[in-house]
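Since each chain comes alone in its own frame, lean on the hints to assemble the complex.
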Amino acid sequence: MKPSSRFAAAAGSQTRRAFLQTALAAAPATAVSAAALAVPGSKPLRTAEGLIDVNVSLGQWPTRRVRCDDSRELVARLRRLGVSQAWAGTLDGLLHKDIAAANNRLAKTCHQDGKGLLVPFGSINPKLPDWEEELRRCADLHHMPGIRLHPNYHGYRLEDPAFLRLIELATQRRLIVQLALIMEDERMMHPLFRVDPVDTAPLRDLVQRVPGLRLVLLNVHRTLRAKPLLELIAAGNVSVEIAMLEGVGGVGTLLAQMPGGRLLFGSHAPMFYFESALLKLKESALTPAQSQAVGHGNARHLLTS
Amino acid sequence: MHEAAGDHSQGVDMEIWDLHCHLNGVPGNTPEARLGRLLEYADRLGIARLCVFMGMEFTYDPSPERLKEENDSVLRAVRAFPNRAFGFVYLNPKHRQASLDELDRCVRDGPMVGVKLWVAEQCSSSDLDPIIERAAALQAIIFQHTWLKIAGNLPGESTPMELAELAIRHPHATLICGHSGGDWERGLRAIRPHRNIYADLAGGDPVAGLTEMAVRELGSERVLYGSDAGGRSFASQLAKVLGADVRDSDRQRILGGNLQRLLRPILAKKGITV
Ligand SMILES: [Zn+2]
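Chain order of the listed sequences is G and V.
Counting from 1, position 223 in the first sequence corresponds to residue 222 in numbering that gives the first Met the number 0; the numbering is continuous, with no gaps.
Counting from 1, position 20 in the second sequence corresponds to residue 19 in numbering that gives the first Met the number 0; the numbering is continuous, with no gaps.
Chain V on its own, in the form it takes in the complex (with noise of 0.2 Å):
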């Protein structure tokens, strides 16, 4: 074991923050319930803030227009809870201006605070450069989808090894491997090099060793919580951290202090404290 959980010495007060969760998946009619309820088993876990992605039902390839929706869905529901939910765009970079345009919307000229890819584009494409570049400037943080399947990824899904390619190019972009890569044995060594890649703990089974070994090869400051709600439990994801060999220093740094320490910049632009 560790140093002892119980040191009550540095009396501190966290946060714990959920880079990761969905309004697909949960109970309800509009985004506002949705997230109302997500809030609601948040609270019983004692999980305070939420980051949320994508709208109302999941669509691989949004066309610009879809993008649009499913970015209104977030935007209403974290104007709902505006000191409890943070929201990330939803971009596609196969629709390059329809992107940068969401990007401005919802990012520079909105609320949202990150940058959200999925499987539409492998994302060592050049197709998104552009919207590295702007997101970077705006000092948002870019969650990439990545998973490594063993009977082969679905046609535009990523790979840890293809967000390292895009992190050589962008290397003042903070970029986090969503699911650590899923097969995260694998995944957390392939953007091990790579300063700006960011360990996402959500969305597989709680398998032990996880963060144990997130914290080993990239350093808890680099290792963030996350639940893929709706879709996950916030029990099982949260399980990963509270049941891991760690400090309880590195425990208080993934759950919270990192994704604070990520979001501080964009949040101080938008007049937003935490």
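The following block holds chain G by itself, in its conformation from the complex (with noise of 0.2 Å):
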């Protein structure tokens, strides 16, 4: 049977021309967006709860403009994705040395322009002066539920004493703690903006000292993968999203691998075409129980716990 008649076959009325429009149009808010992306011949995935993106940042990257680094326009298409909840960090935060004004603009975009849907999570520093001080304001002054750590590019390695009583003081105040391990593929770095990714090697027995830490990876596939991250998933309450989870059929070879519980939806967008994450739900052949807690019942819990 040629190809074109068989996915007409399956999909009934609906072509792919149809799925190209769907995939693009807009989401009902009560849809996940697995809905938006029905493919032929196979069923939309329906939960009453959007997604949420563990994985968004604000703000412009240095070398590059992208479609919806603008805070307002990314919340639209988020939400028109069927986002409903979406993590937010600042990309100022990196090398801002002003991490105060990057926070409090962080905070302050979030709710004025989030429209419930931006939740901060803002930037901490272990290497600048009173840290300590912006962390109490993340937790005391933004009510942020978590923070998120750039140790490449703040010039720290996890071995750092600092970063261990950062974990601590943050498992402390009950923030989650989201550890980004690259930003981008370190081949096409700038040359003056080159970073190395974060060495996780030491993590692995940090995480065994600090009782209570819920320590979220972001970026992590490129350049941990197997084994050694396993490892570290075992090691305690550590999640890890899929925004740069390749492979095909990735997000269902992961699952077969590691606790179903520990895997979050994250999209690295607006620096990354959003769709991507959403796909990744589509290419792997999850069970509705998988979908619902990769898709939010896992980081629904994880802020919650």
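In short, the hints are calculated from the structure, not lab data.
Check the hints yourself; a few may be wrong.
Claimed, not checked - What follows is a list of derived Cβ distance ranges for each label pair: (1) V:N28 with G:S304: 41 to 51 Å; (2) G:A200 with V:G151: 18 to 28 Å; (3) V:E164 with G:S304: 51 to 61 Å; (4) V:L266 with G:T303: 50 to 60 Å; (5) G:R71 with V:R260: 35 to 45 Å; (6) G:G154 with V:P154: 45 to 55 Å.
We treat Cβ as the ideally placed atom computed from N, Cα and C, and that holds for glycine.
As structure tokens, this is what we get:
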């Protein structure tokens, strides 16, 4: 049978053309956006809740402008594609030394433009003076549920005692700790803006030394895979997201190896096309329970635990 | 935003064709099993046809024997799914006669429709000339891997600039710039002046703006969707096109229309209508 007729048969009246239109069309707020990606021949995924995207950034990347690097446009687009909550860091937090101003803007933008969708995750740089006060402000002043760390852009290694102190204090303040391993492929970095990936070798031991730590690794799978990744996840309450997960059927393959409660939906938008993460949920044959857990359940649980 | 994505008036039943797939990185013990698995995933995302090249394992600088082995794997795979997959013959310009023989065996006398050149030798080398000439005579399309790595390329790895040199020598060959040079913000500009070079969108992270820039600089007629599956996911690569701020008509060309146009002559010669 020719593929076109095979698809048409499987999809009833829905043609591939229609798939494209549906994939790009607005998703109703009540339907998870996987429903918007109704692929011919497969049932759309529906849940009462939208997606929780744990890896979104506000601000502009230093070497590239992208669509939706304006917070209002980003919020509108994420909502249209079925996201109900996005954990947002600030790109200003990578390089700005007045990190309080960056966090103030992040909190304000999430409040003013976020329309209940953006949740701020402030930047903490433990190599800056008075960082403990900045951590306190993130928790007490901005009421952030977590922080986002960029050790490689902030110039420290995880063996640094300041990092242990930071994750201890964050855990005392009941803040989720997000740790971004990379922000972009090292092969195409700007020659004056080359940053090594975070070396995660010390992390397993550190996780075990901080009971209660809720750690979320971002942009993981390019530099941390297989056994070292699985061992780190097993060391404590460690979750990872899917923005840089590659390989055909990657989500299903990873879920077969790791605890299903530790995989989160993350897009790395707007630097990445958001649709990448969305389509990954479709590419793997996930059970409804798996889709629900990765799509929002695990993140919701992390937030409320 | 460009023109509304929900325009039903054209009523096109378009097929997504994937320019760039491998058997490597896919579960399965045989070429047929691996292509079967790839197609299961492709089906879930509505991808109709896959171009497949290179064997069960990648080799940087294959010997003539190894070339034959890798191409045999692809032949086995595509013969098992004749309505779903096309093969490209993997060649090594360092082995000129062996490559020409493989080109004849797999394309002229076999079902394959394109050529794959990887990292054995820089593509500006005159060693490529007889291969390109014969491939062009057969109306096979030529896929050349390219990358621009800040820390330096592999010894025989080509850049888009080197592909531009090749394009000048062979204005009638259809050349595809693999990965748009990886560092696509430079790669796309390097190939822009050369009308016979097309951009492959596959194989890098789904960094926003890639497709928009390719369409802006080359025109959507010269931009091709590909995934580089199984090492990459179909999802991340398809997102580059589905998520791009381009017109629907551009999207359709990129997802299948252009590749269908480029392959139609050689498919017609083989009696395949699509
Ligand atoms: Zn490839």
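TODO: Would you list, in rising numerical order, the hints stated earlier that this structure does not obey?
DONE: Of the numbered hints given earlier, the structure breaks just one, which is hint 6.
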